[in-house]
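If you read the sequences in order, they're chains A and B.
If you're matching positions, the first sequence starts at 0 in numbering that gives the first Met the number 0 and goes up one per residue.
If you're matching positions, the second sequence starts at 0 in numbering that gives the first Met the number 0 and goes up one per residue.
One or more of the hints may lead you astray.
As the list claims (entries may be wrong) - Simulated restraints, written as ranges between beta carbons of each label pair:
1) B:Ala-77 with A:Arg-147: 43 to 49 Å
2) B:Pro-36 with A:Pro-73: 43 to 49 Å
3) B:Arg-10 with A:Ala-172: 21 to 27 Å
4) A:Arg-7 with B:Glu-59: 26 to 32 Å
5) A:Ala-172 with B:Gly-49: 53 to 59 Å
These are computed hints drawn from the structure, not numbers from a lab.
C-beta atoms are modelled at their ideal positions from N, C-alpha and C, and glycine is treated no differently.
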Amino acid sequence: MEFRTFGRTGMRLSILGFGCGAVGGLMVRGSAADQERAVARAIAVGVNYFDTAVLYGDGESEKNLGRVLQKLKPADVVVGTKVRLAPSDLGRIEDAITTSLEGSLSRLKFDRVDILHLHNPITGEGGGSALSVRQVLGEVVPAFERLRRQGKIRFLGLTALGDTAALHEVIGARVFDSAQVVYNMLNPSAADALPQNYPAQDYGRLFDATQAAGVGVVGIRVLAGGAHCRARPNVIRSRGRRRSRSDRP
Amino acid sequence: MSYDADIDRARRLMPLVEEGLAASLTEAATRFAISHPAMGTILVGMATPGQFEDALAAVEKGPLPQAALDRLSALRQAFSGEAR
Chain A
0 MEFRTFGRTG MRLSILGFGC GAVGGLMVRG SAADQERAVA RAIAVGVNYF DTAVLYGDGE
60 SEKNLGRVLQ KLKPADVVVG TKVRLAPSDL GRIEDAITTS LEGSLSRLKF DRVDILHLHN
120 PITGEGGGSA LSVRQVLGEV VPAFERLRRQ GKIRFLGLTA LGDTAALHEV IGARVFDSAQ
180 VVYNMLNPSA ADALPQNYPA QDYGRLFDAT QAAGVGVVGI RVLAGGAHCR ARPNVIRSRG
240 RRRSRSDRP
Chain B
0 MSYDADIDRA RRLMPLVEEG LAASLTEAAT RFAISHPAMG TILVGMATPG QFEDALAAVE
60 KGPLPQAALD RLSALRQAFS GEAR
C-alpha cells in the first residue's frame with residue numbers, strides 16, 4: 000500500500016481509504032459479518048483512513064464502523080466523520096455542530112475523531128442546504144476550533160461541493176486541514192483546465208489551492224467514468240432525485 | 000453532470016480498455032484518481048467485500064501511465080459542447 004502525507008496534518012494516509020458511505024452501502028446496509036470482514040481485510044492490507052458521516056444511513060454507518068473498530072481494536076487508524084447542518088440550525092451553528100459531534104462520538108464509541116468535515120455545500124451567499132463563505136469562516140470554523148481545543152477533534156475538514164469561487168476562498172483562508180474533492184476521469188478540473196464548453200463543473204484547479212494551503216485531499220466520486228457505476232443503482236437513490244446540482248451530499 | 004450522461008460518457012472511454020491501457024474502466028477510474036500528487040486518499044463506494052478487492056487491486060497497479068492519461072485527455076475533448 001502506498002502512503003502519502005496528508006497536507007499539513009503530517010499524517011501518512013493510505014492512498015486507498017475506506018468509504019463507509021451510502022454509495023455502495025456496505026457499512027450502512029451490509030451484514031455485520033461482511034462489514035467486519037471487509038474492515039479487517041482493509042486494515043490487514045494497510046488501509047488506515049476510514050470515512051463516515053452522520054448522514055450515511057442516518058447514523059447507521061457510524062454505529063457499524065464503531066462496532067467493528069471496537070471489536071478489531073486496530074492501532075493507528077484515522078477516522079473522519081461529518082456534520083451536515085439543516086437550515087433550521089443556522090441560527091445556532093455552534094450548538095448544532097457540537098450536538099452533532101457528540102452524537103457521532105457516541106455512535107462511534109470514541110472520545111475523539113481525527114477529522115470532522117463540514118458536509119454542506121459552500122456558496123458565496125448560502126441558501127438551501129448550502130452555507131455561505133461567511134457562515135463557514137465566521138461560525139463553523141470557530142465551532143470546530145473549540146472542539147479541537149476540547150480534544151474532541153484533531154483536524155478541520157470540509158466537503159468541496161458548491162460554488163468554485165467560494166471553495167477557493169474557504170481553502171485559501173488556510174483554516175481547514177482536509178478537503179473532500181470531486182476528481183475523476185470525467186471531471187479532472189481540480190487538477191487541469193477543462194476543454195471549452197465542457198459539461199461539468201469547473202473546479203478551477205482546486206488542487207493548486209489545496210497544495211498552497213497545505214490542505215490534505217480526500218478524493219470523492221472517483222468512480223464516475225468507471226463502468227462500475229452501471230451496476231450500482233444505489234448511487235441514484237442516495238443522491239436523491241435531481242435536487243439542485245449543489246445540493247447533492 | 001447527470002447520472003445518465005455520466006454513464007453514457009463513461010462508455011465512450013472504453014477505448015482505454017480496448018487499446019490495452021487499462022484492464023477495465025473501474026480500474027482506470029481508480030488509478031486515474033491516484034495519479035495526481037495532490038491526492039491524499041481516495042474513497043471508493045462498496046456494496047460488497049469483493050468491490051474492496053477490486054479497488055485494492057487497481058490501487059496496487061499504481062497511477063495510470065502517461066500514455067493512458069494522454070489518451071483519456073484526447074477522448075474527453077469529444078465531450079465539449081454537450082449538455083451536462
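Results of checking the hints against the structure:
1. B:Ala-77 with A:Arg-147: 43 to 49 Å: The hint (43 to 49 Å, Cβ to Cβ) holds, given that Ala-77 (chain B) and Arg-147 (chain A) are roughly 47 Å apart.
2. B:Pro-36 with A:Pro-73: 43 to 49 Å: violated (27 Å)
3. B:Arg-10 with A:Ala-172: 21 to 27 Å: Given a distance of about 40 Å, which is not inside 21 to 27 Å, the answer is violated.
4. A:Arg-7 with B:Glu-59: 26 to 32 Å: Given about 28 Å between the Cβ atoms, the range holds.
5. A:Ala-172 with B:Gly-49: 53 to 59 Å: The hint (53 to 59 Å, Cβ to Cβ) is violated, given that Ala-172 (chain A) and Gly-49 (chain B) are roughly 42 Å apart.
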